[in-house]
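J.: One letter stands for each residue in the lines below.
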Amino acid sequence: MSNNFSRRDFLKLAGVGAATSAILTGCGPASRYVKREPYMLMPEYNYNGQSTYYATTCRECAAGCGLVVRTSQGRAIKAEGNANNPLNLGKTCARGQATLHGLYNPNRVRGPIKHKRGDRLYETAADPFEDEFKDADSNMNWDDATQTVADALKKYKPSEIAFLMGTTSDHLFDLVADLSTQTGITPPVRFGALSMFESRATLAKAAENLFGESGLPFFDVGGAQVVFSFGANFLETWLSPVSYTRGFAGLREAQKKQRGKLIQFESRMSSTAGKADEWIPIRPGTEALVALAIGRLALEMRGGPLPRAFSDIDPEDAASKSGIKIETLQKLAEMFANSTGALAIPGGAALGQSNGLAVAEAVLTLNAVADNFGKPGGVFFSALAPNQAMYQRPASVKEMQDFTKKLADGKIKVLFVHGVNPVFELPAVLEFKKALDGVEQVISFATFPDETALEADFVFPDHHGLESWGYQRVVTGSAQPVLSGSQPVVSPFYDTRATADVLIAAAQLAGGKFASALPFKDEVEFLQSKVAPLMSEADGFFSAPDINTFMAYFQQYGGWWKTTDARLVPTTADIFNRSLKATEAEFAGEGEFFFVPFVSPTIAEAGANKPWLQELPDPTTTVMWNTWVEINPVTAEELGLVDDDVVKIVSEAGELELPVYRYPAIRPDTIAIPFGQGHTAYGRYAEGRGVNPTDLLGGHFNEAGDLAFAGMKVKIEKTGKKQPLSRLESMMGVYGVGLGEEK
Amino acid sequence: MIRPEEIKMSTEETGKWGMVIDQDICTGCQACVAACAMENNITFVGEKDSGYGRSMHWIRIERFWEGEYPEVKMTPNQPMLCQQCGSATCEPVCPAFATVHSQAEQLNLQVYNRCVGTRYCANNCPYQVRSFNWRDYKRPEPLSNQFNPDVTVRRRGVMEKCTFCIQRIHKAQDTAKSEGREVVDGEFTTACAQACPASAITFGRVDDPESLVSQLARAHGHGVKHLEELGTLPNVTYFKGG
Amino acid sequence: MAGYNKKAEPAHAKAESHSHAEHLREKHLMLDPLPRGQMNSMVMESMYETSWKFWVVFAILSVIVAYGLFYSWGVMIAEGLGVAGVNRPSYWGIFLVNTVFWIGISHAGTFISAILRVFKAEFRRPFTRAAELMTTFGLVQAGFSVFMHMGRVWLAYWLMPYANQRMLWPNLHSPLTWDLLAITTYLLSSTMYLFLPLIPDLAMARDRSTGWRKTFYKTLALGFRGTEGEWAHLRNAMNIFAFAIIPVMFSVHTIVSWDFAAATRPGWNSSIFGPYFVIGALHSGMGAVIMVLAVVRGTMKHMKYFIRAEHFDGIAKLMLIISMAWAYFFFNDYMVQWYGGDKWTHQLLHFHEAGPMGWMWFAMLIFNIAVPWAVLWNQKWRSTPWIVFIVGFFINVGMWFERYIIIPISLSINRMPFTWRLYEPGIEIPLGIGTLAFFILLYMGASKLIPLIPVWEVEEGQMAHELKQFGRETVVSVSELE
Amino acid sequence: MIKRLFDWLKQPLGLIAVGIALLTLFSLAAYGINYTQQAPAQPVQFPHTTHVGFGIQCLYCHPGAAKGPAAGIPTEAKCWGCHNQIAKTETSLLLAPLKQSVESRTPLEWVPVAQVPDFVQFNHRAHIAAGQNCENCHGDMSKLTVAENPQVFNMGFCLACHKKVAGENHELLVKLTDCGTCHY
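First to last, the protein sequences are chains A, B, C and D.
Following our numbering, the numbering of the first sequence begins with 1 at its first residue and continues without gaps.
Following our numbering, the numbering of the second sequence begins with 1001 at its first residue and continues without gaps.
Following our numbering, the numbering of the third sequence begins with 2001 at its first residue and continues without gaps.
Following our numbering, the numbering of the fourth sequence begins with 3001 at its first residue and continues without gaps.
Rather than coming from a laboratory, the hints here were simulated on the basis of the structure.
Hints may contain errors.
[Said to hold, decoys possible] Heads up, simulated BS3-like pairs for lysine-lysine below, C-alpha to C-alpha not over 25 Å straight-line:
id : chain 1 : residue 1 : chain 2 : residue 2
1  : B       : Lys1138   : A       : Lys134
2  : A       : Lys154    : A       : Lys116
3  : B       : Lys1240   : A       : Lys261
4  : D       : Lys3067   : B       : Lys1177
5  : A       : Lys718    : B       : Lys1048
6  : A       : Lys648    : B       : Lys1048
7  : D       : Lys3003   : C       : Lys2218
8  : C       : Lys2304   : C       : Lys2027
9  : C       : Lys2214   : D       : Lys3010
10 : A       : Lys434    : A       : Lys155
11 : D       : Lys3164   : B       : Lys1177
12 : B       : Lys1138   : A       : Lys35
13 : B       : Lys1073   : A       : Lys261
14 : B       : Lys1225   : C       : Lys2343
15 : D       : Lys3003   : C       : Lys2214
16 : D       : Lys3010   : C       : Lys2218
17 : D       : Lys3067   : A       : Lys35
18 : B       : Lys1177   : D       : Lys3163
19 : A       : Lys134    : B       : Lys1048
20 : D       : Lys3067   : B       : Lys1171
21 : D       : Lys3175   : B       : Lys1016
22 : A       : Lys721    : B       : Lys1048
23 : B       : Lys1171   : D       : Lys3175
24 : D       : Lys3175   : B       : Lys1177
25 : A       : Lys331    : B       : Lys1073
26 : A       : Lys722    : A       : Lys648
27 : A       : Lys398    : A       : Lys434
28 : A       : Lys35     : D       : Lys3099
29 : A       : Lys35     : D       : Lys3078
30 : A       : Lys116    : A       : Lys155
31 : C       : Lys2448   : D       : Lys3003
32 : B       : Lys1171   : D       : Lys3163
33 : C       : Lys2027   : C       : Lys2317
34 : A       : Lys321    : A       : Lys581
35 : A       : Lys321    : B       : Lys1073
36 : B       : Lys1073   : A       : Lys325
37 : C       : Lys2343   : B       : Lys1073
Construct the entire structure; sequences and hints are all you get.
T.: Here it is, written out as structure tokens:
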């Protein structure tokens, strides 16, 4: 879009708000207070007072849902789902809706900044709602910025240059990947808090062990009749929430002859479990046992020989260990055995344990009992995105630990960070922040003044997702291969620059193999080079004779996808004959409570700086603007705790103080804390709000190298302090507090 | 006040625009709440006020607990928004006619610029879905860039509530008129319905038997209209399912 | 009156007639006449002579009003109602509690003077004015409170019907509109009713004052000279108003009660609310009157002559009866609501008693029923100013509690349990205190500007009463007036 | 002392004082009202009369009116399209701001005079489609140089016309006098 857009227009219009009072009291027309700036040159597709719609891709998580953004007079007004995109079919989650509060967030990095590590990037204020406060001003121009990057590339050995990237904006990852392959700089590392809590490495490894090939399993919830979910919170943030929610709707569809059932095995009722027909408060760490036990019982009911995989599990023992009545197990097994479309999903906290891999394998094997591989309502391999050769998963925390070590040991001289906030997201024990001291030069491309940007020597802000070009591969959630395309829906609001452009320009400056590695004029040209191959592919959603037309369609429809189902069917030849060691998980740290951190469904990894996400009540507790610890009312009573009492949670790794929420649907021996808050930077709405549960996590991993985030035991100490949580629900109405019938 | 025949009517469709909400598939993900806030310039009020029952949500998702652990169950999420009653209790009590019934669209209007803030309507609304602007809540620059120009930005002392996205209704009607046709069912929908990932919310003409809402209403017979025993003739039908 | 005296003290019947007459004289103002001129000068003195204490109190109150009422209100208008304690679901708070409370207070004035005037209750004569003043000043506070309540008070004029080309009109279906009209009517008529009996006294004051006061009284006295014709007209006017204002008074508080009774809310939608509110208003009003009288008698000069034990005794008896009536209506309301069996109403009643504010519910019953019943049955106690003062105080607190329970506490419970929430007052407190202070301030001011005692009425009564001797028997005879 | 004040006011000097006070108040009020009703200062003293005189249609410069809610202000590009062919543009003082803005690529800041409060949702298209002419509301621009409002757009003005248009057609009247038609 042209840069002539006048974006101040609407601010002026907002001024009318002030004028309104004057009008109400009848003193004069609003014209006193408003100034109008016409376009210098109005784009032909635009008309005064009429909206223009742009298709692009949501960057709030890695799922890659398509968006259509309504813009008016060069302002983004509303984000809607892209009805064409097969992944989300016109739907969005709350975070997708609130993405505009990121674009117009009062705290963004407004231009390239050279700054001292640890210095603030914006002023603070006592009351973020009353006081005005400024962002740090840009103190260098983009030419110097590009030069800085170029120097960094030239100055150090390729092996001393590293890129740490987020899970969004795949095109940038591809660009850096190309750069690394052709110049020998260390391959880019991708990471995101969501992928950490999704234990993607574990899923992939389990698939590899069972089916012989690595890949991200796809669970066709919509087609199933009975879904056994072992901790998979697929209605909240797991993998691709929007498409899985659509699947859930399909499962429940009332028009269907038989209404599908969802059984959730979890120690704490997530909002997914809240929707389940049955919630089984399983003892943490026994998921594998239970899965196998159910499998065995189911097979026994069917009769016939007992395969090796299920032979060495004792249902009675599993029942006693997991705290589930054997009758219940039998009932469930019966349900599973007799259902026409049974499906078992491993995920969430179940995998984030020392035996996570075993759990994943056990649960996936359970599907073999239902024999649903590659069938509707069964297990598939997710379709690979159009320009994707094989499934690339983000780094597991183990790999991040190694990477952090490299940083600490000074093996990396210059670190480029984009789209990820490791200082906040990684467990404190990994000491990423400290490791940065080993790096000579940290260059952040952060859009927002987040914790990692604070630790950088330079911040060269990238555009917000809605201001930038790019594409995002849909790794799972859609039957068809989908490449969601991004385009700017508004002209950049601040003096930011696309990181791809910066890198390309810097590479040219650096010359040599860098220049030859990125022989592009700009980001768009690079995109074309990446998208061009799709023109030759068959049965696409659209096709075009020449690249320009193709790119035009690509932007118009918000990406490119095939019209055919490309999900792969796992090969399950000898799945029954593997022997699965059904172990119980070990838990680190002494303390009487299992500790379950979970991703806040509304705020997730990066939503904390968006005020409306903060004000969305949590689906289960309806708490807004804060972090809480969920404790079973019975336990709370034993401990003499009531709501809003501040307690200290002590783990082997650290301790946190936060208020109690008496949660009726959690095991008495378990406590849970949502992840998403507890920022020490990241803008006025995020900073100093709540606590970050990753501070409690120790460096324990499962066999697949994923963090055993649910593998901790913690202690609770009273502090005697109180901190009222603001909740939408009524204490009286919902808990009978003050009605003489207090719980 | 309500004549018997009217109460009978409440089992049929009385209004013009209506909604059908399937609680069985509503996951409580809050997408509708966010969408509503973004579409209608609803302000956020911060931690203190939102904790004191002053949040401005036009639609809220209610859920209750049944039973004790381990047999505890979460009741089906219940999105609660203005039911656009055919015979609304909020309307007669407003001394300034700021809360009036739109004869043209059969909606309960809230005329912000006529409201003097007696808050009688909110008291009298059995669904408690009206929110009051207790202060001039700050939305610092440049957040105001996101304001929807089709919706008035409310100031302190004014009552507000769900409008069934009347600005979208008008836009659709205007477009249809300019193209010389009638508004087609599904041509547009409210922000909440548009966002809902589970498609639990359906919006449309309840007076048109062929519209999707009417069909859904027929499909699941067992629809519930909240507190219709009060004779408010609500236009939102809920399906508990299960 | 005579009969009542006989019954009251049989002991005196045997007493020696002469001393009996003495006794009756000092007991009853009506039988203890003084020359008119003397009474006039007594009243004038009570206005003129002001101790430094008066000014101290006056200053303190002025400060309270300036801060509590006007400054706080300014803040609230600028900030919005967020500074008050109202929230969802308690959209209405102490502002309306105070409105109802003050309207209640204002009732007693009119009730006492009008009803007692109509029924020719002689003991009313000295304190009708003191009571009527409360009506007017109480209504002023009620007006303040209801305007505070509005979210955009600067647009209050929209509630008044005025011609415009915008097809805009106040909604005559809304109880609030009825309320507005009723209260305005009441304010006007009660002011008139205060003014009419005042004219002769103003004329009297005019003839006895100099300087600006003379101008003041001259203007207000409308050149009243006391000719037969003028008196005849005045009497007519007063009679008309006395009769007319009684239905107005009843209607006003009934309409106030409709603000609640007409709403579709559990606990509010009750048909007994009309009379219940009226009797409640009288209950608090009488309490207020007796407090005022006690203070006036205690603080102002010569008042011990005009206001005597018999008056406290009479009002206290009325209070006792009203308190019984209130108890009856309360029981009726509670009983019917409870028996109705609506689950929300049950929830509400349960919340009243067992909820976090339960103490207030019990306090209300004790203050409004137990206290008056326990004290006022005893003639000695009910004739003692400081005792009845305390009783009156308790009753007023109790009645304020009643309104508090009906409005914010009942609002906490509705048909959407998800929204139930408690109400914690904020800036309402300074504002409420401000209105109270303003009420007292106005009253103090008035006590120095207009004669608190309607001398002509007292004198009229005294002329009508006389002690007659029948043999050894002394009896009181009252001759018909006009 | 009040009496003394009255006495003082009664004598001629006092009366004069009162008179002056009243006059001041009145003139202040008059000035205030007058001030709020003047047409505000515009960056260019744009002569509508000339342009209309050349026979340029309103919709040529304000095309939005026929298409959507806002009539809009023409872009500099549109002005320049003609003006860069007119020699006078180079010399004319009146046009200096335009020239300057086009060269410096900074938009002109116009002040709209035909303004409705933001709680009124006005749509030009519907009115044009209903056969209303621009001058019905905006007055005869061929007689104006700098745009001014012939009248304040208050609710009375709108409703008067709406009622006139609806006439006997009850359905139309309902629609055109429905609060929700303009306020949401």
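J.: Look at each hint and say if it fits the structure.
T.: Results for each hint:
Distance check on the hinted pair: B:Lys1138 and A:Lys134 sit about 15 Å apart at the alpha-carbon level, within 25 Å; holds. Restraint check for A:Lys154 and A:Lys116: satisfied, since their Cα atoms lie roughly 23 Å apart, inside the 25 Å limit. Taking the CA atoms of B:Lys1240 and A:Lys261, the gap is about 15 Å. The hint holds against a cut of 25 Å. A threshold of 25 Å between alpha carbons decides the hint, and for D:Lys3067 with B:Lys1177 the separation of about 12 Å falls inside it, so the pair holds.
Distance restraint check for A:Lys718 and B:Lys1048: the Cα-Cα separation of roughly 24 Å lies within the 25 Å cut-off, and the hinted pair is therefore satisfied. As the CA atoms of A:Lys648 and B:Lys1048 are separated by approximately 23 Å, the hinted pair is consistent with the 25 Å bound. Straight-line distance between C-alpha atoms of D:Lys3003 and C:Lys2218 comes to about 12 Å, which keeps the hinted pair within the 25 Å bound. For the proposed pair C:Lys2304 and C:Lys2027, the alpha carbon gap of about 12 Å is at most 25 Å, so the pair holds.
Between C:Lys2214 and D:Lys3010, the direct Cα distance comes to roughly 18 Å. Compliance with the 25 Å bound is thereby established for this hinted pair. As the CA atoms of A:Lys434 and A:Lys155 are separated by approximately 24 Å, the hinted pair is consistent with the 25 Å bound. Note on D:Lys3164 and B:Lys1177: the hinted pairing holds, with a Cα-Cα distance of about 21 Å set against a maximum of 25 Å. A C-alpha spacing of about 22 Å is found between B:Lys1138 and A:Lys35, which places the hinted pair at or below 25 Å, so the restraint holds.
About 15 Å separates the Cα atoms of B:Lys1073 and A:Lys261, which keeps this hinted pair within 25 Å; it holds. For the suggested pair B:Lys1225 and C:Lys2343, the alpha carbons sit about 18 Å apart, so the restraint of at most 25 Å is met. With a C-alpha separation of about 9 Å, the suggested pair D:Lys3003 and C:Lys2214 falls inside the 25 Å cut-off, and the hint holds. Simply put, D:Lys3010 and C:Lys2218 have alpha-carbon atoms about 18 Å apart, close enough for the 25 Å limit, and the pair holds.
Annotation: proposed proximity of D:Lys3067 to A:Lys35 holds, straight-line Cα distance about 23 Å (limit 25 Å). Under the criterion of a C-alpha separation no larger than 25 Å, the hint pairing B:Lys1177 with D:Lys3163 is consistent with the structure, at around 21 Å. Under the criterion of a C-alpha separation no larger than 25 Å, the hint pairing A:Lys134 with B:Lys1048 is consistent with the structure, at around 24 Å. With a C-alpha separation of about 12 Å, the suggested pair D:Lys3067 and B:Lys1171 falls inside the 25 Å cut-off, and the hint holds.
Taken as a hint, the D:Lys3175 and B:Lys1016 pair is honoured in the structure, with Cα atoms around 14 Å apart against an allowance of 25 Å. At most 25 Å may separate the alpha-carbon atoms for a hinted pair to count; A:Lys721 and B:Lys1048 meet this at roughly 18 Å. This hinted pair checks out: B:Lys1171 and D:Lys3175 have alpha carbons roughly 15 Å apart, not beyond 25 Å. A threshold of 25 Å between alpha carbons decides the hint, and for D:Lys3175 with B:Lys1177 the separation of about 14 Å falls inside it, so the pair holds.
Straight-line distance between C-alpha atoms of A:Lys331 and B:Lys1073 comes to about 19 Å, which keeps the hinted pair within the 25 Å bound. Using a Cα cut-off of 25 Å, the hinted pair A:Lys722 and A:Lys648 holds, with the two alpha carbons roughly 12 Å apart. Of the pairs offered as hints, the one joining A:Lys398 and A:Lys434 holds, with about 17 Å between alpha carbons and a cut-off of 25 Å not exceeded. For the hint linking A:Lys35 to D:Lys3099, the alpha-carbon distance of about 20 Å falls within 25 Å, and the restraint holds.
A C-alpha spacing of about 19 Å is found between A:Lys35 and D:Lys3078, which places the hinted pair at or below 25 Å, so the restraint holds. Annotation: proposed proximity of A:Lys116 to A:Lys155 holds, straight-line Cα distance about 21 Å (limit 25 Å). With a C-alpha separation of about 18 Å, the suggested pairing of C:Lys2448 with D:Lys3003 holds against the 25 Å cut-off. At roughly 23 Å between alpha-carbon atoms, B:Lys1171 and D:Lys3163 fall within 25 Å of each other, so this suggested pair holds.
With a C-alpha separation of about 17 Å, the suggested pairing of C:Lys2027 with C:Lys2317 holds against the 25 Å cut-off. Restraint check: the Cα-Cα separation between A:Lys321 and A:Lys581 comes to about 15 Å, which is no more than 25 Å; the hinted pair holds. For the suggested pair A:Lys321 and B:Lys1073, the alpha carbons sit about 24 Å apart, so the restraint of at most 25 Å is met. For the given pair, B:Lys1073 sits about 18 Å from A:Lys325 by alpha-carbon distance, which is consistent with the 25 Å threshold.
At roughly 23 Å between alpha-carbon atoms, C:Lys2343 and B:Lys1073 fall within 25 Å of each other, so this suggested pair holds.
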